[in-house]
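K.L.:
So you can see what is in the structure, the chains are spelled out below.
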Amino acid sequence: AQRVTQPEKLLSVFKGAPVELKCNYSYSGSPELFWYVQYSRQRLQLLLRHISRESIKGFTADLNKGETSFHLKKPFAQEEDSAMYYCALSLNTDKLIFGTGTRLQVFP
Amino acid sequence: GAGVSQSPSNKVTEKGKDVELRCDPISGHTALYWYRQSLGQGLEFLIYFQGNSAPDKSGLPSDRFSAERTGGSVSTLTIQRTQQEDSAVYLCASSLGRGRERTQYFGPGTRLLVL
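So the sequences go chain by chain: A and B.
Position 85 of the first sequence, counting from 1, maps to 85 under my numbering, and the rest follow consecutively.
Position 69 of the second sequence, counting from 1, maps to 69 under my numbering, and the rest follow consecutively.
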């Protein structure tokens, strides 16, 4: 069965520290992976997608098919990065399978 | 332009009552999705509409849940005989459809509380 696992419910770091939010998936097909973010009192929005291979707000994520991972990284966290982050897997039918989310807290 | 809108933003109901949740997708988006966000459960897929194709209802948790999409635009999610475990935030999303334009744009959600 398709599954997305985010092992950390909460990740707390100080401003300027590196951040890595972990995401592992299980899917026998060709995966398409996303990171969505939800800032306080805002709607869920796309942060980045693996096929774009871009950096958004300093965040990057590399698809590692061997390890079935799509970890989200940022070298220097900022306070405004504090939010809920969801990793998601898109199936051929376009619906998204989400992980349970990781809350990132960046302290000043 | 306007994003995905949902109404009501909050709904409190009594156990056993029926509720209807509405979603207005972004104009021109052919795909529409409903998800449920429960505390500690993440986001759970419920149903997916794509153009005139039959909807993918594989995520609906029970036959008390149903959804319609009229005229390829507005969608209504109906929960009959609500139960306390139905309390959650119900999110709607829309996208341009298949292929590279799969990015889903989410609405603000409807927070449902069943007493």
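Since the hints were made in silico from the structure, they are not lab data.
Take these hints with a grain of salt, some might be off.
One-sided and incomplete, this derived list gives chain A residues near chain B with beta-carbon spacing under 10 Å [to be verified]: (1) V4; (2) S30; (3) F34; (4) R49; (5) R53.
Pulled a few chain A residues facing chain B out of the computed Cβ check, cut under 8 Å [to be verified]: (6) F14; (7) P18; (8) L47; (9) E54; (10) S90; (11) K95; (12) G99.
The structure presented is a predicted model; accordingly, all values stated were derived computationally and were not measured.
Ideal Cβ placement from N, Cα and C applies to all residues, glycine included.
K.L.:
Measuring from the C-beta of A:F14 to each C-beta in chain B, is the shortest one below 8 Å?
P.N.:
27 Å, violated
K.L.:
Less than 8 Å between beta-carbons is the criterion; does A:L47 satisfy it with respect to chain B?
P.N.:
11 Å, violated
K.L.:
So, as I understand it, the hint says A:P18 touches chain B; can you test that by seeing if any CB pair is closer than 8 Å?
P.N.:
25 Å, violated
K.L.:
Taking the closest Cβ pair, is A:G99 under 8 Å from chain B?
P.N.:
Status holds, d = 6 Å.
K.L.:
A closest beta-carbon separation below 10 Å is what the hint needs, so does A:S30 meet it against chain B?
P.N.:
13 Å, violated
K.L.:
Report holds or violated for the interface hint on A:S90, using the least CB-CB distance to chain B and a cut-off of 8 Å.
P.N.:
6 Å, holds
K.L.:
Let me know if the C-beta of A:V4 comes in closer than 10 Å to any C-beta of chain B, holds or violated.
P.N.:
8 Å, holds
K.L.:
With chain B as the partner, please determine if A:E54 meets the hint condition of a C-beta pair closer than 8 Å.
P.N.:
Constraint on A:E54 not satisfied, violated at 13 Å.
K.L.:
Does A:F34 meet its interface restraint, that is, does its C-beta lie within less than 10 Å of any C-beta in chain B?
P.N.:
8 Å, holds
K.L.:
So, as I understand it, the hint says A:R53 touches chain B; can you test that by seeing if any CB pair is closer than 10 Å?
P.N.:
For A:R53, the interface hint is violated, since the closest Cβ of chain B sits about 13 Å away, which is over 10 Å.
K.L.:
Given a cut of 10 Å on the nearest C-beta pair, is the interface hint for A:R49 held or broken against chain B?
P.N.:
7 Å, holds
K.L.:
With chain B as the partner, please determine if A:K95 meets the hint condition of a C-beta pair closer than 8 Å.
P.N.:
5 Å, holds
Of the numbered hints given earlier, the model fails hints 2, 5, 6, 7, 8, 9; all others are met.
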